[in-house]
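Chemist: Just so you know, the sequences run in chain order L and U. If you count by full-length UniProt numbering, then the first sequence holds residues 1 to 270, one letter each, in order. If you count by full-length UniProt numbering, then the second sequence holds residues 1 to 311, one letter each, in order.
Derived from the structure by calculation, the hints contain no laboratory data. Be careful, since some hints might not be right.
Listed next, the stretches of chain U that the computed footprint assigns to chain L, with coverage defined by at least 3 CB atoms under 8 Å from CB atoms of chain L [unchecked claim]:
#, segment
1, 35 to 45
2, 138 to 147
3, 164 to 174
4, 189 to 195
5, 227 to 238
6, 251 to 264
Built from N, CA and C at the ideal position, the CB exists for glycine as well.
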Amino acid sequence: MLRLTTTWIRRNLVVIAGLLTLAYLVLPNIIVMVFSFNKPAGRFNYSWREFSTDAWQDPCGVADMCDSLSLSLWIALWATIGATLLGSMIAFALVRYRFRARGAINSLIFLPMAMPEVVMAASLLTLFLNLGAELGPTTILIAHTMFCLSFVVVAVKARVMSMDPRLEEAAKDLYAGPVQTFLRVTLPIAAPGIAAGAMLAFALSFDDFIITNFNSGNTVTFPMFVWGSAQRGTPVQINVIGTAMFALAVIVVVAGQIISGRRRKSALPK
Amino acid sequence: MTVTEAPPASPAPAAPEPVLRKQPVRRKLVPYWLLLPGILWLLVFFALPMVYQASTSVQTGSLEKGFQVTWHFQTYWDALSEYYPQFLRSLLYAGTATILCLLLGYPLAYLIAFKAGRWRNLLLVLVIAPFFTSFLIRTLAWKTILADGGPVVDVLNTVGFLDVTGWLGMTEGNRVLATPLAVVTGLTYNFLPFMILPLYTSLERIDPRLHEAAGDLYARPSTVFRRVTFPLSMPGVVSGTLLTFIPASGDYVNAELLGSTDTRMVGNVIQSQFLRVLDYPTAAALSFILMAVVLIMVTVYIRRAGTEDLV
Numbered sequence: 001m002l003r004l005t006t007t008w009i010r011r012n013l014v015v016i017a018g019l020l021t022l023a024y025l026v027l028p029n030i031i032v033m034v035f036s037f038n039k040p041a042g043r044f045n046y047s048w049r050e051f052s053t054d055a056w057q058d059p060c061g062v063a064d065m066c067d068s069l070s071l072s073l074w075i076a077l078w079a080t081i082g083a084t085l086l087g088s089m090i091a092f093a094l095v096r097y098r099f100r101a102r103g104a105i106n107s108l109i110f111l112p113m114a115m116p117e118v119v120m121a122a123s124l125l126t127l128f129l130n131l132g133a134e135l136g137p138t139t140i141l142i143a144h145t146m147f148c149l150s151f152v153v154v155a156v157k158a159r160v161m162s163m164d165p166r167l168e169e170a171a172k173d174l175y176a177g178p179v180q181t182f183l184r185v186t187l188p189i190a191a192p193g194i195a196a197g198a199m200l201a202f203a204l205s206f207d208d209f210i211i212t213n214f215n216s217g218n219t220v221t222f223p224m225f226v227w228g229s230a231q232r233g234t235p236v237q238i239n240v241i242g243t244a245m246f247a248l249a250v251i252v253v254v255a256g257q258i259i260s261g262r263r264r265k266s267a268l269p270k
Numbered sequence: 001m002t003v004t005e006a007p008p009a010s011p012a013p014a015a016p017e018p019v020l021r022k023q024p025v026r027r028k029l030v031p032y033w034l035l036l037p038g039i040l041w042l043l044v045f046f047a048l049p050m051v052y053q054a055s056t057s058v059q060t061g062s063l064e065k066g067f068q069v070t071w072h073f074q075t076y077w078d079a080l081s082e083y084y085p086q087f088l089r090s091l092l093y094a095g096t097a098t099i100l101c102l103l104l105g106y107p108l109a110y111l112i113a114f115k116a117g118r119w120r121n122l123l124l125v126l127v128i129a130p131f132f133t134s135f136l137i138r139t140l141a142w143k144t145i146l147a148d149g150g151p152v153v154d155v156l157n158t159v160g161f162l163d164v165t166g167w168l169g170m171t172e173g174n175r176v177l178a179t180p181l182a183v184v185t186g187l188t189y190n191f192l193p194f195m196i197l198p199l200y201t202s203l204e205r206i207d208p209r210l211h212e213a214a215g216d217l218y219a220r221p222s223t224v225f226r227r228v229t230f231p232l233s234m235p236g237v238v239s240g241t242l243l244t245f246i247p248a249s250g251d252y253v254n255a256e257l258l259g260s261t262d263t264r265m266v267g268n269v270i271q272s273q274f275l276r277v278l279d280y281p282t283a284a285a286l287s288f289i290l291m292a293v294v295l296i297m298v299t300v301y302i303r304r305a306g307t308e309d310l311v
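Next up, chain L with everything else stripped away, as it sits in the complex (with noise of 0.2 Å):
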C-alpha cells in the first residue's frame, strides 16, 4: 500500500506540485472573498469574528472610497485610450517600415519596462517638481500613459508580426486604397493584439501603486485609498470592492471563452 502510494505521488509529482502552487496564487483571493463577509471587532479587518452581509448591503458606506474608485477607473480609462493609440501607431511603424535609430527606439521602448517601478516614479516626480507642475489627476494620468505605453507596443507588435502580408497585397490588388486596406483589412486583424494590449494597459494603470503614489498629491485613487487604510484601519468594503472585481473579470473571461468556442465550432466544415 504504501509502496504504491509512494509511486503514485512519484508519477504525479508535477501535477501535485502545480496544484500546490496555484492554492499559493489562489489562496489570497479566498482570504479576501471570505473576509468580505466578516464584521470585525476593531478598525482592522485581519481576524474573523462573525458572519454579516453588512459591508454587501452598503458598499459606498466607507468615506471617500467609492470616489476614489471612480477616479480610478476614469484615470484608467484615459490612461489605456492615449498608451493603445500611441503605442500601435508605434507598433505599426516598427514592423512596417524602415527608419533610422531603430535600434534607439526599441532601446527607449524596452527601457521603461526593465526599470524597477520606483526609479520611474521618483525621476517623473523630480521633473514634475522642477517644473513646478501641480501634482494631481493630469500628472497621475500622464505618468500611466508613459508606463502603459510600451506594453501596448510589445502586444501589438507581437500579432502584427504575425500577420500575413499577402493579405494586404491582395487588398490592393483588388483596387482598395491604402486607407481602405488599413480599414478594412489590417485593422481587424491586428485587432485582437490592440484589444490585448489595451486590456492589460487598463489593468496596470488601475492596480498601480508606486508611480501614482509619488505623482499624485493629495488625490487619491483607489490603491491609495487601500494604502491609506492599513494605516488607519481597513474597512470591509474594501474587500467587497476587491471580490467584486474579482468576480466581473472571471465571468468577462469565461463568457469570452464561451462565446469565442461557440463562434470557433459554427466555423467549422460540418
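For this one, chain L is given, so just place chain U on it according to the hints.
Modeler: Okay, now just chain U, sitting in the frame of chain L:
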C-alpha cells in the same frame, strides 16, 4: 494540442522592401509621423526625468533656500555608506523571491502546458485572475494568513519549518509576520504570475514529438527534462526571472505591509526620503544607483543567457 488556436506560422517577410523603394517623399515620412507622438511622450516623461534625476542627485541645498547643482558627488558615497544594508537586503530578497518563483512556477507552467488537457484555459484564467483584485488588498490578505498563532504559522511551527528559517535568520521565534520570511513570501506571491506566463508561453511552443523522440532513444524522464525540455524553455526562464527580479528589487509595498523596520528595502528608503524627509539629492542618488545596478545585472544576464530580442 489545440491546433485551431494557433494561426499558421506563415513565412512572413518582415519588411516589404520593394514597396518602399519608389515611394514619394511624403510616403517615406509615414513611419516618422506614426512614431512621433509616442516617442515624444517617452522622451519627455521617461528619458528627460532621468536627466533631471541625475542633476538632482548632484545638487546641494535645502527646501527653504532651494537646491543648486554643485557637482556634489559625495552624496552618492554618503547614501551608499548609510543605506548599503537596505541595498543588499533588496538584492537578497528579490533574488530569493525570483528563485522561489522559478521553483514554484515551473511545475505549474509545465502542468498547464503539457498535462492540463481541457482544463488548460481554466488554469490560465486562475493564474491571471488574482490580478483583478488590487494587489494591495491581496497583500493585506497575507496579514491574515500569516497572523501570529494562526493555522498556517501553527503548522509551520509543528513541522519544524520555522526552526529551519530561524536558523537561516529569516524568522525569529514562532512568528512569521514582520520577519524577512513574510516579506519574501509576499514578494514571491506578487510576482509569481510574471514568472508563470512567460514560462508557459515557451513551454507551450515545444513540439511534444521531441519528448517522444527522446523517450524512443531510451532517455529517462529526468534526462528528457534536463536535455530537451529545460533548454528549450530557456527564453521563458530568462524573461520570467527578469520580470520577477526587476520589480521585486524596487518594491517597497511588501516590506512596508508585511515587514518591520528591520526588513526595510531600498525602495522604502527612496520613498521616505522623497515623500517624507524631502531630502531629494539623497533619494535621487539612491534611485540612480538602483537603476544602474539593475541595468548592469540585466545586461550581463541577457548576454550570458543569449536572448537578445526581448522587445
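Chemist: Kindly indicate which numbered hints from before are broken by the structure, ordering the numbers from low to high.
Modeler: 3 and 5
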